[in-house]
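Chemist: Going line by line, the protein sequences match chains A and B. Per the numbering used here, numbering of the first sequence is gapless, rising by one per residue and ending at 1323. Per the numbering used here, numbering of the second sequence is gapless, rising by one per residue and ending at 464.
Just so you know, these hints were derived from the structure itself, not from any lab. Keep in mind that a hint or two might mislead.
Lysine-lysine pairs mimicking DSSO-like chemistry, simulated, CA-CA at most 30 Å apart [as the list claims (entries may be wrong)]:
hint: 1; chain 1: A; residue 1: Lys-951; chain 2: B; residue 2: Lys-398
hint: 2; chain 1: A; residue 1: Lys-1286; chain 2: A; residue 2: Lys-1163
hint: 3; chain 1: A; residue 1: Lys-1322; chain 2: A; residue 2: Lys-980
hint: 4; chain 1: B; residue 1: Lys-457; chain 2: A; residue 2: Lys-1093
hint: 5; chain 1: B; residue 1: Lys-325; chain 2: A; residue 2: Lys-969
hint: 6; chain 1: A; residue 1: Lys-1257; chain 2: A; residue 2: Lys-1117
hint: 7; chain 1: A; residue 1: Lys-1322; chain 2: A; residue 2: Lys-1300
hint: 8; chain 1: B; residue 1: Lys-325; chain 2: A; residue 2: Lys-1117
hint: 9; chain 1: A; residue 1: Lys-1093; chain 2: B; residue 2: Lys-398
hint: 10; chain 1: A; residue 1: Lys-1240; chain 2: B; residue 2: Lys-435
hint: 11; chain 1: A; residue 1: Lys-1093; chain 2: B; residue 2: Lys-441
hint: 12; chain 1: B; residue 1: Lys-341; chain 2: B; residue 2: Lys-398
hint: 13; chain 1: B; residue 1: Lys-415; chain 2: A; residue 2: Lys-1093
hint: 14; chain 1: A; residue 1: Lys-1322; chain 2: A; residue 2: Lys-1117
hint: 15; chain 1: B; residue 1: Lys-358; chain 2: B; residue 2: Lys-415
hint: 16; chain 1: A; residue 1: Lys-1093; chain 2: B; residue 2: Lys-432
hint: 17; chain 1: B; residue 1: Lys-415; chain 2: A; residue 2: Lys-1240
hint: 18; chain 1: A; residue 1: Lys-951; chain 2: B; residue 2: Lys-325
hint: 19; chain 1: A; residue 1: Lys-1240; chain 2: A; residue 2: Lys-1300
hint: 20; chain 1: B; residue 1: Lys-415; chain 2: B; residue 2: Lys-441
hint: 21; chain 1: A; residue 1: Lys-1322; chain 2: A; residue 2: Lys-940
hint: 22; chain 1: B; residue 1: Lys-432; chain 2: A; residue 2: Lys-1240
hint: 23; chain 1: B; residue 1: Lys-435; chain 2: A; residue 2: Lys-1131
hint: 24; chain 1: A; residue 1: Lys-1093; chain 2: B; residue 2: Lys-435
hint: 25; chain 1: B; residue 1: Lys-398; chain 2: A; residue 2: Lys-1131
hint: 26; chain 1: A; residue 1: Lys-1012; chain 2: A; residue 2: Lys-969
hint: 27; chain 1: A; residue 1: Lys-980; chain 2: A; residue 2: Lys-1286
hint: 28; chain 1: A; residue 1: Lys-1206; chain 2: A; residue 2: Lys-1300
hint: 29; chain 1: A; residue 1: Lys-1206; chain 2: A; residue 2: Lys-1240
hint: 30; chain 1: A; residue 1: Lys-1286; chain 2: A; residue 2: Lys-1012
hint: 31; chain 1: A; residue 1: Lys-1163; chain 2: A; residue 2: Lys-980
hint: 32; chain 1: B; residue 1: Lys-432; chain 2: A; residue 2: Lys-1131
hint: 33; chain 1: B; residue 1: Lys-415; chain 2: B; residue 2: Lys-432
This one's a predicted model, so the numbers in the text were calculated from it and none came from an experiment.
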Amino acid sequence: MINYRVSGEYMKRVAVIGVGNSKFGVRSDATFPEIAFEAIKEALEDTGITQKDVELSVVGTVGSRLYEMYPAPLINEYTGFTLKGPIRVEAACATGSAAVFTAYNAIASGYVDIAIAIGVEKMCEVDTATSTAVGGRGCYLSEFHMFGTSFACYYALFATAHMAKYGTTEEQLAKIAVKNHYYAARNPKAHFQREVATETILKSRVICWPLKIYDCCPISDGAAAVILASEEKVKEFKAQDPVWLEAIGFGSDTGNLTRREDYTSLRSARIASETAYKMAKIRPEDIEVAMVHDCFTIAEIMAYEDLGFCRKGEGGRLIDEGQTWIGGKIPINIDGGLKAKGHPLAATGCSMIYELTKQLRNEAGDRQVPLKRHIALAHNVGMTGQYCYVTILKR
Amino acid sequence: MSKTPEYPAMKSRTLTLTHDIPISKTKTYWEGLKEGNVHATKCKKCGEIYYPPQVDCPHCLTSDVEWIQLLEGTLETFTQAYLKPQGFTHYEHDYIIAIVKAAEGVKVMGWLEDIDVKVAKVGMSVKITAKTMPDGFPAIVFKPRSQNKP
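Please model the entire structure based on the sequences and the hints provided.
Modeler: Following this line, the structure appears as structure tokens:
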């Protein structure tokens, strides 16, 4: 495997000082800069600072479904950050975390003291067949061109392999959707505001066998923003007891799915989490609440295993036992996850930090996880593991 | 499902994107598909086999490869696609997308045919072939080998 230098010896400590999240869903009421504004306004008000205090903006957007091909400067200008950036980043579904990673490193290295990471995605202005085609073109020439792959197909290939090797069942996949819909119904910002029964999921329309429509995240619009600051700056603001960004691990893998070692795990997630655990000097057992990348239900089961919350092949058992609900061993995606909160690609990584920051500050209301150690983890995957970021927060 | 309220919107001007993708270096592959054959490349210096085929070896930094034909392999995973993306909606059949590990060790993506998805099993052996669709696009096709017990 790969070993990133994680000593942090020369790096400054970085805190999350403000977070914002727009309503996720089919947002045909607003353009992409208007949605970005919602998240940024909330983040600035949460922090109690203005754009003037922010030295650098990092704008993450995949943007491939937009009428604009270079959307970042427009987002930046509309929301009042002209001259502060943007640095534009793109890492498919992990774009939000790539934006946080970039902002984090700018502060940790001493380049700036305050930076904002913004994730914005507008996906619903094109029809579903077009959106599926754009999304499926992650590996056009050797896959899409000939076989009409989509992201549902890619994850279905992992589901079939996982089921064949470990006996994971369609019922266990359905239980992930039941849990995440349950929490989305209690999250006013979620795309879906309703619970779904196991039988409904199992009988729902097959998209890519064995995945059914309820195994798939929706196509959503949305934005989220995270404001980061150096330790010195934290002292100047009202944030007396901030959430610290303890570690951020990165992992990657082949572009072609045919060049993977197997289809039951994401190597990039294992590399990213090992790096993050090492950097934060913690073990998986120390995590008290986590957001994982459940773009499809099988992805959440693989995440349990890749992050070390259970042994390889036992992800299905973890959901069977209810261990990832609030009250269980490790509550996961208690904001609804990508599956039911929605997955506006670039917004997702920032939205995970949004939810975990609220949790760590004990501001999550009905969905609050009782915390003792105040350690949380976000796992954000790009494509089918071509990228992965694992972030550890602590308060 | 709650109905999304309707908001006013205006149409953008249409953008058509069609590419002329260069195939001069991988012509053997694309021509082979038309004849029903699937090729990989093998670096003449280090022996590494590449699929999808590439003419440049990143280990040796050389561009001297030989073409080898992939004939058979075992089914590693599969899915049947009921949701078709733009560009595929005119195909009436719900194609089965599969990944096969060829005898040479590389893995190939293609459509699994002549079998019901419910009968397909991870580990079954298949022949690796190719065909041209009625619309002119190539497709790699896996067919179960006769020794597979039903």
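Chemist: Going through the numbered hints above, which ones does this structure break? Give me the numbers in ascending order.
Modeler: none
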